[in-house]
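Student: Take a look at the letters that make up each chain.
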Amino acid sequence: MERKTPLYDLHVELGGRIVPFAGYLLPVQYPKGVIHEHMAVREGVGLFDVSHMGEVLFEGAGALKALNHLMANDMTGMVDGQVRYSPMLNEEGGIVDDLVVCRFDDAHYMAVVNAANREKDVNWMRAHLLGDAVMTDVSDAWAQLALQGPKSKELLLGFLPEEALPKKYYHFVPEVEVANVKCMLSRTGYTGEWGYELYCRPEDAETLFRALLKAGAEPCGLGARDTLRLEAAMPLYGHEMTDDISPLEAGLGWAVKPEHEFVGRAAMLERGTPRARVGLKVTGRGIVREGQDVYIGAEKIGATTSGTHLPYLGGAYAMALVDSKHTQVGTTVEVDVRGRRVGAEIVPLPFYKRAK
Amino acid sequence: MAHVPAELLYTKSHEWVQFTGETTARVGITDFAQNSLGDIVFVNLPAEGDGVTAGEAACDVESVKAVADIVSPVTGTVTAANNDLESAPEKLNESPYEAWIFEVSDISDREELLDAAAYEAFCATEEA
Numbered sequence: 001m002e003r004k005t006p007l008y009d010l011h012v013e014l015g016g017r018i019v020p021f022a023g024y025l026l027p028v029q030y031p032k033g034v035i036h037e038h039m040a041v042r043e044g045v046g047l048f049d050v051s052h053m054g055e056v057l058f059e060g061a062g063a064l065k066a067l068n069h070l071m072a073n074d075m076t077g078m079v080d081g082q083v084r085y086s087p088m089l090n091e092e093g094g095i096v097d098d099l100v101v102c103r104f105d106d107a108h109y110m111a112v113v114n115a116a117n118r119e120k121d122v123n124w125m126r127a128h129l130l131g132d133a134v135m136t137d138v139s140d141a142w143a144q145l146a147l148q149g150p151k152s153k154e155l156l157l158g159f160l161p162e163e164a165l166p167k168k169y170y171h172f173v174p175e176v177e178v179a180n181v182k183c184m185l186s187r188t189g190y191t192g193e194w195g196y197e198l199y200c201r202p203e204d205a206e207t208l209f210r211a212l213l214k215a216g217a218e219p220c221g222l223g224a225r226d227t228l229r230l231e232a233a234m235p236l237y238g239h240e241m242t243d244d245i246s247p248l249e250a251g252l253g254w255a256v257k258p259e260h261e262f263v264g265r266a267a268m269l270e271r272g273t274p275r276a277r278v279g280l281k282v283t284g285r286g287i288v289r290e291g292q293d294v295y296i297g298a299e300k301i302g303a304t305t306s307g308t309h310l311p312y313l314g315g316a317y318a319m320a321l322v323d324s325k326h327t328q329v330g331t332t333v334e335v336d337v338r339g340r341r342v343g344a345e346i347v348p349l350p351f352y353k354r355a356k
Numbered sequence: 001m002a003h004v005p006a007e008l009l010y011t012k013s014h015e016w017v018q019f020t021g022e023t024t025a026r027v028g029i030t031d032f033a034q035n036s037l038g039d040i041v042f043v044n045l046p047a048e049g050d051g052v053t054a055g056e057a058a059c060d061v062e063s064v065k066a067v068a069d070i071v072s073p074v075t076g077t078v079t080a081a082n083n084d085l086e087s088a089p090e091k092l093n094e095s096p097y098e099a100w101i102f103e104v105s106d107i108s109d110r111e112e113l114l115d116a117a118a119y120e121a122f123c124a125t126e127e128a
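Line by line, the protein sequences are chains A and B.
1 is the number of the first residue of the first sequence in our numbering; add one for each residue after it.
1 is the number of the first residue of the second sequence in our numbering; add one for each residue after it.
In case anyone wonders, no lab produced these hints; they're calculated from the structure.
Heads up, some of the hints might be wrong.
Between beta-carbon pairs, the in silico distance windows are [stated by the list, open to error]:
1. A/Ala164 - B/Ala118: 56 to 66 Å
2. A/Lys214 - B/Glu48: 31 to 41 Å
3. B/Glu126 - A/Leu313: 48 to 58 Å
4. A/Leu313 - B/Thr23: 42 to 52 Å
5. B/Ser105 - A/Pro348: 40 to 50 Å
Just so you have them, the derived chain B footprint on chain A, three or more residues with Cβ under 8 Å [claimed, not checked]:
6. 30-39
7. 283-294
To give a feel for the contact side, a few chain B residues facing chain A, derived at Cβ under 7 Å [said to hold, decoys possible]:
8. Gly38
9. Asp39
10. Val41
11. Lys65
12. Phe122
Predicted, not measured: the structure shown is a model, and the values here were computed from it.
Every residue gets a Cβ at the ideal spot worked out from N, C-alpha and C, and that includes glycine.
When you get a sec, could you build the whole thing from the sequences and use the hints?
Tutor: Written as structure tokens, this is what we have:
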């Protein structure tokens, strides 16, 4: 039985097409469709319900030590109000999940995890919890909205003075008031655009969502969330990352700090990078999707992990995990699309990068 | 409610068929189908001369979200494909009953087809 987010009734009212996702009933799109929503985020401002995401508190004097034991990134040296991304590894050097850690103060951190992995993550974290840190799953106490797009700042300035906003990317303000709703405001997101994530109490989510819509945000569903993250080449758990893919293979070396000790470190270093994540631009006719084999001639070099038509770039693209001998940009490959060979070319990642 | 023109016949897999002669027909997808698929971004058309079989996939269309087989309502030979859809697949969303996909001649068999009223009733059960 899937759960509803606090915004379920509003999604239905807005004409959202509801699908089960990660144990929740969420809108895959609203009536205007995925392409319209995607473009709204690239050119204006879009609003997503991401209340399905999980939140886990790490508290006490040992919080940092406990997090650093679990995280491939190093949380040392963060300032209050900072956010840091990290993969979390299993003993074999594969990825349990990827998450962000928000630091409130030196004894108070919050990890934000993927909905589909919440239970797995909490069990894993508990089993590997060091020392005297206190860990609490507070997912049900938070609703989360993502306000994304080049006009997201301007929209928020209708509610807040400039100085109330987070000063930098990957920073947050623990408490602001937007439309009389108390929320935590973070400059983070999963779209490749300038944007914010707002965490509020579940009972306030509808008021906040309606206020942001009224101020001009376009409601966006899971479909656009996926095309936006893919266009920005952001990896998604279950696709570019799995229990069997190391963060170095997934192209997340920037978020791995092997100088510190953490679960999975030795195994990760030992397995190295026999495979690597690459970007593919489809040059032949068709749409490449996930789980399709990639060839150079008769040699299978890997498989796609995500793929579809990308609305802003206006073409078919995919990401793939391939033999690391074949990652040269410009390499011509073929993808087996349901028995038909479709031509593609390895191109640099990300496919799309917002203009500064 | 999806639009269902009275003069066409329909399949339960949401194709429409228009008989243009005794053994000739045009095939497309219904308003219900295009709405379920969402933004269509690619049509993999059959080639002229391809044989198609009633109840079997003749070609496919891809939306941003998914791929869907187009099931041929009739058995026969493809005599034309709507090449306009190669550069403008979105026409299947915009005007599904004008944007025919392929034309079949020498029809020797057909699926059980629904008239507009029966198809409309069928869609209502699919929506529920």
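Student: Each hint should be assessed against the structure and marked as holding or not.
Tutor: A quick look at each hint next to the structure:
1. At about 60 Å, the beta-carbon gap between alanine 164 of chain A and alanine 118 of chain B stays in the expected band of 56 to 66 Å.
2. Distance hint check: the CB atoms of lysine 214 of chain A and glutamate 48 of chain B are about 53 Å apart, inconsistent with the given range 31 to 41 Å.
3. Range check, glutamate 126 of chain B to leucine 313 of chain A: about 34 Å between beta-carbon atoms, so the 48 to 58 Å window is missed.
4. Restraint check, leucine 313 of chain A to threonine 23 of chain B: a C-beta distance of roughly 44 Å satisfies the suggested window 42 to 52 Å.
5. In this structure, serine 105 of chain B and proline 348 of chain A meet the distance hint of 40 to 50 Å, their C-beta atoms being roughly 48 Å apart.
6. Counting residues of the region 30-39 of chain A whose CB lies closer than 8 Å to any CB of chain B gives 3, which reaches the minimum of 3, so the coverage claim holds.
7. By the rule of at least three residues with a Cβ nearer than 8 Å to a Cβ of chain B, the coverage given for the region 283-294 of chain A holds, with 4 such residues.
8. Residue-level restraint check for glycine 38 of chain B holds (minimum Cβ-Cβ distance to chain A is 6 Å; threshold 7 Å).
9. With a least beta-carbon distance of about 5 Å to chain A, the hint placing aspartate 39 of chain B at the interface is held under the 7 Å criterion.
10. Because the smallest distance between the Cβ of valine 41 of chain B and any Cβ of chain A comes to about 4 Å, under 7 Å, the interface hint for this residue holds.
11. Hint status for lysine 65 of chain B relative to chain A: holds, with the closest Cβ pair at about 6 Å, below 7 Å.
12. Interface restraint check for phenylalanine 122 of chain B: the shortest CB-CB distance to chain A comes to about 20 Å, outside 7 Å, so the restraint is violated.
In the structure shown, a violation is registered for the earlier hints numbered 2, 3 and 12, in ascending order.
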